[in-house]
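K.L.:
For the protein sequence lines, the chains are A and B, in the order given.
Numbered according to numbering that gives the first Met the number 0, the first sequence spans residues 0 to 394.
Numbered according to numbering that gives the first Met the number 0, the second sequence spans residues 0 to 394.
One or more hints might be untrue.
Identical copies go unnamed one by one, so any copy, or any two together, can satisfy a pair.
Claimed, not checked - In the DSBU-like style, the derived pairs of lysine-lysine whose C-alpha atoms are separated by at most 30 Å in a straight line are:
| no. | residue 1 | residue 2 |
| --- | --- | --- |
| 1 | Lys3 | Lys233 |
| 2 | Lys88 | Lys194 |
| 3 | Lys321 | Lys334 |
| 4 | Lys194 | Lys150 |
Hints were generated in silico from the structure; no laboratory data involved.
This structure is a prediction, so every number in the text was calculated from the model and none was measured.
Protein chains: 2
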Amino acid sequence: MFNKKIVESLGKSSMIRAMFEEGARLRKLYGDDKVFDFSLGNPEVEPPVEVLDSLKKYVNSEEQGLHKYMNNAGFPDVRQKVADYLNKKSGIDMTSEHIVMVCGAAAGLNVTLKALLNPGEEVMVLAPFFVEYGTYIDHAGGNTVIVNTMKDSFQIDVDAVEKAITNKTKAIIINSPNNPTGVIYSRESLEQLNKVIEKKEAELGISIFVISDEPYVSLVYDGIEVPSTLSIFKKSISINSFSKSLALPGERIGYIAASSRIPDVETLISAMVTLNRTLGFVNAPSLFQKVIADNLEVAVNTENYKKKRDILYNHLTKIGFKCIKPDGAFYLFVKAPIEDDIAFCGTAAKYNLLLVPGSGFRGPGYVRIAYCADIGMIERSLEAFTKLAKEYGLS
Amino acid sequence: MFNKKIVESLGKSSMIRAMFEEGARLRKLYGDDKVFDFSLGNPEVEPPVEVLDSLKKYVNSEEQGLHKYMNNAGFPDVRQKVADYLNKKSGIDMTSEHIVMVCGAAAGLNVTLKALLNPGEEVMVLAPFFVEYGTYIDHAGGNTVIVNTMKDSFQIDVDAVEKAITNKTKAIIINSPNNPTGVIYSRESLEQLNKVIEKKEAELGISIFVISDEPYVSLVYDGIEVPSTLSIFKKSISINSFSKSLALPGERIGYIAASSRIPDVETLISAMVTLNRTLGFVNAPSLFQKVIADNLEVAVNTENYKKKRDILYNHLTKIGFKCIKPDGAFYLFVKAPIEDDIAFCGTAAKYNLLLVPGSGFRGPGYVRIAYCADIGMIERSLEAFTKLAKEYGLS
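Between the sequences and the hints, there should be enough to build the whole structure, so can you do that?
P.N.:
Listed below in structure tokens is the structure:
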């Protein structure tokens, strides 16, 4: 009676969300302090005080028109501020006309993919990856091509990308700092990727867009550089949200920045603005457009996240788990001690540890630990991890 | 290089939005007070003071977690309040489980259509109608079937609907009070429609859903009844937004209410919640979920709109224009004195009157006047309308 494809997919729905719901169930059963929920990238922190002050400023003002329609692309002054910020940060040359304000990164990805893809065109994703990319690509009528990153390092396997490019390749999605691995793709690998793309474009007479999903770009530790995709790739589209950097995931606010170097970028932006409307977003929420424009230089305190990363990383590696030390985002991607990561998560749940199987990111044999959680919970969880390690004879 | 279908449609993009942009251009040229912009349903009023107070209450509070992720369906307490409100208003029997909070009515329609439609299934719309329904249906893989309403009265032509139902009919979209006509569909016509639907469902062995787009349901004059579609139609899905009723169009907040009488409604809701996420909305903006939940009984002052309707309606009919007196919404749908409504709008623009051609709503020969505008502008516009009428020898 309903959409068959959607109904059939319901059982297989997001492992992350399933774990989130399971967490709620276990908390009811055992109490809040007995459940160690590492399932969802739902920042535990409140937004920075600058953001809350800015919100108060607008709401307590007598300013008119804060809640009205504007151009579907967003408020012109907000778009200009985003362009100025990107120019300053990356030494590029954007104007307000290259920016579309959107309802978060998931909205930006859906709008971008629909604006680019003709039926049957291919979009490459680098595993492990946030699997809903595949659903977005499907909604836009495209086909997903999965290419694995390098074993253990999770850096881009540029040779594998080159081999996977066909005359139907329209775009490649990259996500750095990466969910689920926390890895930042190196400048070297991105520049190599750019060379491969330009070579294959010339060879096949096609255009390949680099869609960079960048919600974690401000969550970086130890001063590591996140190379600017807008400055490296000519046909680049950078999509950002303030869900993680300003801890505003519920408010659905972000932007698309389409490089001024894209040929006929005006048409692309027109298509995006029209789609922003007709896909049902209409515009990014108006009040929060104003708020984020005041706070482009602000980010949540990464020192807190770093502290959490270090507590967990140090403990897990000490008790025998294998894990790359992440440079950004708020995830650890830990090797499961058995091949079957889903079974391993089942065992972890016995200790009230809620982890997400790597299979849910096309990274089987690993589990994702989202450490954007209360530090008290993290400290209480260490004993449970130790018991888990012992069950597998690790320590 | 981009999505061909979208790029080709760009030239034909929304006449309403084109007029909105034209208005901005003319205002720059002639000054704000010399341009009479009746193009966009962008409420001129600010949100009711109760809404602004509620917003201040949350923003100035120390309440934690206002901006975080919640279940993709929305906050449970907000969904419960919406269900309670609908039950009280319409004497029906809904729970929070039948409500999905969404980013406005356009989002609700996209989610609903995608949840219902299999490729090639048909959705009926009653002309004149908000033409983007056709785009939403297309995005969901369906085909749009247009059925005209009754000549002059714009009430539902139930016989025409019956004739247009096929074994591929999946849904019918109704919109009352109507954009662009301001007409409220009578209880009698809705009950007849229900009989026809039940008869054809039995005859053809199909399920036909009634999708009711209800953003204007609180904007009604002279105490006229808007019959509850949830109480009339068994397989009804009511979609509402607070863009018009609370003057919050920029904030993108609304809900889907799927009737508890729909067989297997749990599966439908699961599909909607999943699609809310994967289509890129993720969830309705969190802060405004809380705000609207406090203000379900509140609406903008309809007396102001009524006053504006009366000034314009009385003047236009006095100077010779023909127009049905609308019972709701904030639109007049006026018969053009010539067959070509687009040419007529061109002539009106000479007098700095920005009207939208009825053709943009599949209602050729008419123009839409959105009177959700400043009352001073409306009063200043009367002389321009008189000149326009004289040019056509009406008065």
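K.L.:
Next, verify each hint and record whether it holds.
P.N.:
Going through the hints against the structure:
1. With identical chains, the CA atoms of Lys3 and Lys233 are at most 30 Å apart between copies only, with a shortest distance of 21 Å across copies and 40 Å within one.
2. In this assembly of identical chains, the alpha carbons of Lys88 and Lys194 lie at most 30 Å apart only when taken from the same copy (23 Å versus 63 Å across copies).
3. With identical chains, the CA atoms of Lys321 and Lys334 are at most 30 Å apart within one copy only, with a shortest distance of 5 Å there and 74 Å across copies.
4. Taking identical chains as interchangeable, the C-alpha atoms of Lys194 and Lys150 lie at most 30 Å apart only when both belong to the same chain, with a minimum of 22 Å there against 63 Å between chains.
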